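Engineer: One-letter residues, chain by chain:
Number of protein chains: 4
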Amino acid sequence: MKIGTEERKAKAPYSLNSKKVADATMLWLEKRGVKIEEIAELVMLLQKKYYPGLTMEECMHNVEQVLSKREVQNAVLTGIQLDLMAEQGLLIPELQDMVANDEGLYGVDEILAFSIVNVYGSIGFTNYGYVDKLKPGILERLNDKTLGPCNTFLDDIVGAVAASASSRIAHRKQAEREQEQGEDTLGKDIVR
Amino acid sequence: MKIGTEERKAKAPYSLNSKKVADATMLWLEKRGVKIEEIAELVMLLQKKYYPGLTMEECMHNVEQVLSKREVQNAVLTGIQLDLMAEQGLLIPELQDMVANDEGLYGVDEILAFSIVNVYGSIGFTNYGYVDKLKPGILERLNDKTLGPCNTFLDDIVGAVAASASSRIAHRKQAEREQEQGEDTLGKDIVR
Amino acid sequence: MKIGTEERKAKAPYSLNSKKVADATMLWLEKRGVKIEEIAELVMLLQKKYYPGLTMEECMHNVEQVLSKREVQNAVLTGIQLDLMAEQGLLIPELQDMVANDEGLYGVDEILAFSIVNVYGSIGFTNYGYVDKLKPGILERLNDKTLGPCNTFLDDIVGAVAASASSRIAHRKQAEREQEQGEDTLGKDIVR
Amino acid sequence: MKIGTEERKAKAPYSLNSKKVADATMLWLEKRGVKIEEIAELVMLLQKKYYPGLTMEECMHNVEQVLSKREVQNAVLTGIQLDLMAEQGLLIPELQDMVANDEGLYGVDEILAFSIVNVYGSIGFTNYGYVDKLKPGILERLNDKTLGPCNTFLDDIVGAVAASASSRIAHRKQAEREQEQGEDTLGKDIVR
Numbered sequence: 001m002k003i004g005t006e007e008r009k010a011k012a013p014y015s016l017n018s019k020k021v022a023d024a025t026m027l028w029l030e031k032r033g034v035k036i037e038e039i040a041e042l043v044m045l046l047q048k049k050y051y052p053g054l055t056m057e058e059c060m061h062n063v064e065q066v067l068s069k070r071e072v073q074n075a076v077l078t079g080i081q082l083d084l085m086a087e088q089g090l091l092i093p094e095l096q097d098m099v100a101n102d103e104g105l106y107g108v109d110e111i112l113a114f115s116i117v118n119v120y121g122s123i124g125f126t127n128y129g130y131v132d133k134l135k136p137g138i139l140e141r142l143n144d145k146t147l148g149p150c151n152t153f154l155d156d157i158v159g160a161v162a163a164s165a166s167s168r169i170a171h172r173k174q175a176e177r178e179q180e181q182g183e184d185t186l187g188k189d190i191v192r
Numbered sequence: 001m002k003i004g005t006e007e008r009k010a011k012a013p014y015s016l017n018s019k020k021v022a023d024a025t026m027l028w029l030e031k032r033g034v035k036i037e038e039i040a041e042l043v044m045l046l047q048k049k050y051y052p053g054l055t056m057e058e059c060m061h062n063v064e065q066v067l068s069k070r071e072v073q074n075a076v077l078t079g080i081q082l083d084l085m086a087e088q089g090l091l092i093p094e095l096q097d098m099v100a101n102d103e104g105l106y107g108v109d110e111i112l113a114f115s116i117v118n119v120y121g122s123i124g125f126t127n128y129g130y131v132d133k134l135k136p137g138i139l140e141r142l143n144d145k146t147l148g149p150c151n152t153f154l155d156d157i158v159g160a161v162a163a164s165a166s167s168r169i170a171h172r173k174q175a176e177r178e179q180e181q182g183e184d185t186l187g188k189d190i191v192r
Numbered sequence: 001m002k003i004g005t006e007e008r009k010a011k012a013p014y015s016l017n018s019k020k021v022a023d024a025t026m027l028w029l030e031k032r033g034v035k036i037e038e039i040a041e042l043v044m045l046l047q048k049k050y051y052p053g054l055t056m057e058e059c060m061h062n063v064e065q066v067l068s069k070r071e072v073q074n075a076v077l078t079g080i081q082l083d084l085m086a087e088q089g090l091l092i093p094e095l096q097d098m099v100a101n102d103e104g105l106y107g108v109d110e111i112l113a114f115s116i117v118n119v120y121g122s123i124g125f126t127n128y129g130y131v132d133k134l135k136p137g138i139l140e141r142l143n144d145k146t147l148g149p150c151n152t153f154l155d156d157i158v159g160a161v162a163a164s165a166s167s168r169i170a171h172r173k174q175a176e177r178e179q180e181q182g183e184d185t186l187g188k189d190i191v192r
Numbered sequence: 001m002k003i004g005t006e007e008r009k010a011k012a013p014y015s016l017n018s019k020k021v022a023d024a025t026m027l028w029l030e031k032r033g034v035k036i037e038e039i040a041e042l043v044m045l046l047q048k049k050y051y052p053g054l055t056m057e058e059c060m061h062n063v064e065q066v067l068s069k070r071e072v073q074n075a076v077l078t079g080i081q082l083d084l085m086a087e088q089g090l091l092i093p094e095l096q097d098m099v100a101n102d103e104g105l106y107g108v109d110e111i112l113a114f115s116i117v118n119v120y121g122s123i124g125f126t127n128y129g130y131v132d133k134l135k136p137g138i139l140e141r142l143n144d145k146t147l148g149p150c151n152t153f154l155d156d157i158v159g160a161v162a163a164s165a166s167s168r169i170a171h172r173k174q175a176e177r178e179q180e181q182g183e184d185t186l187g188k189d190i191v192r
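One line per chain: the protein sequences are A, B, C and D, in this order.
Note that the working numbering numbers the first sequence so that position 125 is 125, with each residue one more than the last.
Note that the working numbering numbers the second sequence so that position 60 is 60, with each residue one more than the last.
Note that the working numbering numbers the third sequence so that position 115 is 115, with each residue one more than the last.
Note that the working numbering numbers the fourth sequence so that position 112 is 112, with each residue one more than the last.
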């Protein structure tokens, strides 16, 4: 709940430090075994068909830009937190069972994933569903229940970041195309 | 991530027990100081203007029906869990700061709330935003930061349950109206 | 915008007839060449792996139940309406171009689809994205741009109805499983 | 449906011109009687309490930035289109009745509004619900059913643009605060 909050915070000693939140996001992805390169590979898999000249550098850059958004960082940290708690058996028993077993009727992991995809608009929904179902590359490893860590949230989050980066590329490529055509265009202004 | 999950679970000893999840939801709402009557009072506040004959019994019944949905239970338990962890200082430091201080740019509480509202369709969005901003009744108490417990998630969740119960009433009242008018109607079949 | 509306309607001659809206939904799906059986086939494709005993009758029943929800009917009728207008060239020119050409950066069709999927909770997101990307069965035909009709909205809507019916089956099968196991259970009460 | 689309478009003569879509959005808002200043006044109303030094120039600038996003333009044009069609009585009869009468159980207008709010994250949900319920300023006029035009979609859209601009301001003000404090900060990089 956000509203009275802002008034209250005028006096509170707490002050959000955006850089710390951003750094924690990158640190925890790494701690949980996720490399930016691996997310970029998912992006390449999703987009190379449409943009044959797409490079891994571009994919990595777009993943990093997605991860620089506050909503994305909030979802990443919250999801990893719940995975960590489940791994240590610290959740309310009924929630513990559902998260630890990645229960089919527990959908909060998908909900967090969608809060990531939404930031780049509805065109990312399809890509998210697709990689989430097929689990290529890193998603197969994250989803392997025999390996120890609980990644109930993390695999959905990684898929969502890749889908968002794909949407971001689609928006940017359109802007580039219009600029090249010398059209009277908004160019870079239209994109995030 | 839900897919391979279902296959895996064929062998797994884990089996979801819906009644336990439902019971835990009611128990934890109570433990966190939320009474069904108080949520029903929010519903009455939102709906009495449109349905002057609305009774508290109806409001309570509709709140209970909302709370019987799995998606709602998942969101309630997950939100309370994060509040609990924040209260005990157990979260990742950067997340701890944001949840404990109900940081204005942290919106995962609203995201969980919306997963509740969504179950009864988009007509609940407005009611949710309205009670969340004005914080009548129980929401004022839950949002009072001087009282000890961390309710960053819980106040949004309670507002969302009230908004959903309001949507449910709107759908049901329409069905009743059509039945009374003796119209060739779908009656109760159309409603959840 | 819904609020003053309800007051106003007390006096207004207009009165929603739910049966007419439901009938119009079925009629327009048929007019646009979509058979319930074909949506049921998508459901079977998505679910047979998890429920080997699943019958076409069950799939059809679940599709029909999804189509009996008001939010779903609203999305189906609104989407078909926009397809119809695009086919006749009646839209605002810039919108006409985007809808008629199923522009990659136009995502309102996905947004309507998600309002359908949401009604059965987040577990349907993945199934929607999957069928929307692979376009099996009827979705291939609906998406064939050489065939005349504009189905920019309809193909997403059909995929979303199939994904929702899949979610509904997952919820119901869990309830059946618990009942068979003679567990102290909520049984049918928990499901829609 | 977006996927095969991209391949097909390689050959198609159609090519999205982003500037035209952006211009059409501004033109149609104006044609429907909505001034940027009026949306900015809603933003001021929502935010002046938290940022006493906020100027109308800032509010207008943020509204313009929100309106420069493709997802927002898509929702604005599609919503105005449906209002226009309803005004001319051109919709499928059952849909016509619901849109022309702003039926309480028809929620596609809220769904389009939420696709706008989502672009700036979940913190805008509350502001949207609040202005949508209280209808200050321009929203009262848009919602006045005695005035002729059908604004079933437009009033929700205007409220959503104001809520999004409020979220954008909250994100930016945080960045400014951190920069002023000379913190090791991400500054402008974190914001859209």
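Simulated from the structure, these hints should not be mistaken for lab results.
In this text the structure is predicted, and so the values were computed from the model without any measurement.
Beta carbons are placed, not taken as given, at the ideal position from N, Cα and C, and that holds for glycine.
Please note that a few of the clues may not be correct.
[As the list claims (entries may be wrong)] To spell it out: a stretch of chain D is covered by chain B in this simulated footprint if at least three of its residues, at any positions, have a beta carbon under 8 Å from a beta carbon of chain B; those stretches are: (1) 104–114; (2) 141–154; (3) 169–178.
[What the hints assert, rightly or not] Examples of chain C residues toward chain D, derived with CB under 8 Å: (4) M60; (5) S68; (6) A75; (7) L77; (8) T78; (9) L105; (10) L147.
Engineer: Answer holds if the nearest beta-carbon of chain D is closer than 8 Å to that of L77/C; otherwise answer violated.
Structural biologist: Check passed: Cβ of L77/C comes within 5 Å of chain D, closer than 8 Å.
Engineer: Quick check on A75/C please, does its C-beta sit within 8 Å of some C-beta on chain D?
Structural biologist: holds (7 Å)
Engineer: Report holds or violated for the interface hint on S68/C, using the least CB-CB distance to chain D and a cut-off of 8 Å.
Structural biologist: Violated, because the Cβ-Cβ distance from S68/C to chain D comes to roughly 14 Å (cut-off 8 Å).
Engineer: Let's test the interface hint: is any C-beta of chain D closer than 8 Å to that of M60/C?
Structural biologist: violated (23 Å)
Engineer: Cut-off 8 Å, C-beta pairs, minimum 3 residues; does the coverage of the segment 104–114 of chain D by chain B stand?
Structural biologist: It holds: at least three residues are needed, and the segment 104–114 of chain D offers 8 whose Cβ sits within less than 8 Å of chain B.
Engineer: Taking 8 Å as the Cβ threshold, is the statement that the segment 169–178 of chain D is covered by chain B upheld or broken by the three-residue rule?
Structural biologist: Answer holds; 3 residues pass the 8 Å Cβ test.
Engineer: For the segment 141–154 of chain D, does the count of residues with a C-beta closer than 8 Å to a C-beta of chain B reach 3?
Structural biologist: violated (count 0)
Engineer: How about L147/C: closest beta carbon in chain D under 8 Å, or not?
Structural biologist: violated (13 Å)
Engineer: Would you settle whether the hint for T78/C is holds or violated, based on the nearest Cβ-Cβ distance to chain D being less than 8 Å?
Structural biologist: At about 5 Å, which falls below the 8 Å cut-off, the nearest Cβ of chain D leaves the hint on T78/C intact, so it holds.
Engineer: Hold the hint about L105/C up to the distance rule: shortest CB distance to chain D must be less than 8 Å.
Structural biologist: Because about 5 Å separates L105/C from the closest Cβ in chain D, which is inside the 8 Å limit, the hint holds.
The structure is inconsistent with the numbered hints 2, 4, 5, 10, although it conforms to all the rest.
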